[in-house]
Amino acid sequence: MLVDSHCHLDRLDLVAHGGSLDAALDAARQRGVGHFLCIGVSADNAADVKVLAERYEDVDCSVGIHPLDVQPGAAPALDWLLRELDHPRVVAIGETGLDYHYEPEAADVQQASFRLHLEAAQQTGKPVIIHTRGARADTLALLQEAALPQAGVLHCFTEDWDMAKAALDMGYYISLSGIVTFRNADALRDVASKVPADRLLVETDSPYLAPIPYRGKPNLPQYVREVAEFLAMLRGESYERFAQQTTENFKRLFPLAHVRSVRA
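The working numbering puts the sequence shown at residues 2 to 265.
Hints should not be assumed to be uniformly reliable.
What the hints assert, rightly or not - If you anchor each label on the Cβ, the simulated ranges turn out as follows: (1) H259 <-> F183: 29 to 37 angstroms; (2) R56 <-> G33: 40 to 48 angstroms; (3) E238 <-> A78: 42 to 50 angstroms; (4) M171 <-> R56: 15 to 23 angstroms; (5) Q123 <-> A167: 18 to 26 angstroms.
These are calculated hints, taken from the structure and not from any lab test.
We put the CB at the ideal spot given by N, CA and C, even for glycine.
Could you build all of it, start to finish, from the sequences and the hints given here?
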């Protein structure tokens, strides 16, 4: 069984499945995907991801504000975030983090928001899902400052081994997406080959970043199979063992997730 550890089910392009989310999820299930973590990115979609998690037994969700969704000049309120997190299907915080690639001028408000999410993690014990782009030093500094007792994950990882090692040393997990299959991703494949087996997750980040051979098309949860098969081959492991290991890792990192036992 596989887990798509990071997908945006409320944003999928469902044309390939006749506009049906049910059909899209069934297509993934037919390919061995047994669980989905639907990610919150804004105050506006917090209710939507919770509705989806309530509707499907094999879907859980997170709630948080993506760094590019932080309102200019104003970090979200901690009391709002804590209220949203107090729900049985919300198993994680985020995605949160820093993204200076598109909005370097928003560094201060992004950092304030990131600190707020890390404080919520301190108070709730729920793991954080971290987005980082163009902000390596500040991301690591804020994680070091927070010193969370529980782990989190750097999702859709695109940085180098030095950053991965620093995050791993602080107890964090690394999640890889379809980017690892791209032709120009040699440095990321080096990271993928080095991450310890018990600290690795796999994701689609759908509807974004479809893996080869679907690059340029809308991504779907069913394509996590391509990512997992590629990584298993890269690491010299059997697909079955890789799927089992990453599912075990997901359950360990997200202990509140409603993941059913793997069927024999």
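Tell me, which hint numbers fail for this structure?
2, 4
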